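Please model the entire structure based on the sequences and the hints provided.
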Amino acid sequence: MNNTSLAIVVVLLGLCVALALTNPTSQDYGAFLRTQLELAVGRMDQSLSEQERALVHGLYASQGPKLIEVVLQKHTRRRNFGVFSLFESRVLEQKVVVLGVASGFIPLEGVDEATARLGQLVPALRK
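The numbers in the working numbering rise by one with no breaks, and the one at position 84 of the sequence shown is 177.
Rather than coming from a laboratory, the hints here were simulated on the basis of the structure. Possibly wrong hints are sitting among the right ones.
Calculated lysine to aspartate or glutamate pairs in the EDC-like style (CA-CA distance at most 20 Å, straight line) [stated by the list, open to error]:
| id | residue 1 | residue 2 |
| --- | --- | --- |
| 1 | K188 | D121 |
| 2 | K167 | E181 |
| 3 | K159 | E131 |
| 4 | K159 | E181 |
| 5 | K188 | E206 |
| 6 | K188 | D205 |
| 7 | K159 | E143 |
| 8 | K167 | E143 |
| 9 | K188 | E131 |
| 10 | K159 | D121 |
| 11 | K188 | E162 |
| 12 | K167 | D121 |
| 13 | K159 | E202 |
Distance windows between CB atoms, simulated [unchecked claim]:
| id | residue 1 | residue 2 | range |
| --- | --- | --- | --- |
| 14 | L114 | E162 | 46 to 52 Å |
| 15 | V103 | A209 | 45 to 51 Å |
| 16 | E162 | Q213 | 19 to 25 Å |
| 17 | S119 | R210 | 44 to 50 Å |
This one's a predicted model, so the numbers in the text were calculated from it and none came from an experiment. Think of the CB as a built atom: it goes at the ideal place given N, C-alpha and C, for glycine as much as any other residue.
Shown next, in the form of structure tokens:
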């Protein structure tokens, strides 16, 4: 094995170790979900009346952490591949798939749909 090949192997091994050390945990995914829920609530604010905004913020403040906990415990499956993880969740009856890699998250499927379903709940709450 020449020096160039050895250097490539060392760099690849270093990269794999770095990815393994920064592979997000389920707790990290919970923090990501909280952030996404906060962003969804913020986007919904644009189209709601003052009374509806107060209702949404009140529900989020009281039920948001509980919702995230239930989703994490009962409706999320983490597939750990060592250097990255795939998180599959059911959020408001919508499949959500998120790639966790290098301490970050990349939504792959269903995040926009789950956000839209959250927005559809507000008119139902008025009734």
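Hint-by-hint comparison with the structure:
no.: 1; hint: K188 x D121; in the structure: holds (19 Å)
no.: 2; hint: K167 x E181; in the structure: holds (11 Å)
no.: 3; hint: K159 x E131; in the structure: holds (14 Å)
no.: 4; hint: K159 x E181; in the structure: holds (18 Å)
no.: 5; hint: K188 x E206; in the structure: holds (9 Å)
no.: 6; hint: K188 x D205; in the structure: holds (11 Å)
no.: 7; hint: K159 x E143; in the structure: violated (25 Å)
no.: 8; hint: K167 x E143; in the structure: violated (34 Å)
no.: 9; hint: K188 x E131; in the structure: holds (19 Å)
no.: 10; hint: K159 x D121; in the structure: holds (16 Å)
no.: 11; hint: K188 x E162; in the structure: holds (17 Å)
no.: 12; hint: K167 x D121; in the structure: holds (16 Å)
no.: 13; hint: K159 x E202; in the structure: violated (23 Å)
no.: 14; hint: L114 x E162: 46 to 52 Å; in the structure: violated (27 Å)
no.: 15; hint: V103 x A209: 45 to 51 Å; in the structure: holds (47 Å)
no.: 16; hint: E162 x Q213: 19 to 25 Å; in the structure: holds (23 Å)
no.: 17; hint: S119 x R210: 44 to 50 Å; in the structure: violated (23 Å)
Going through the hint list in order, the structure does not satisfy hints 7, 8, 13, 14, 17.
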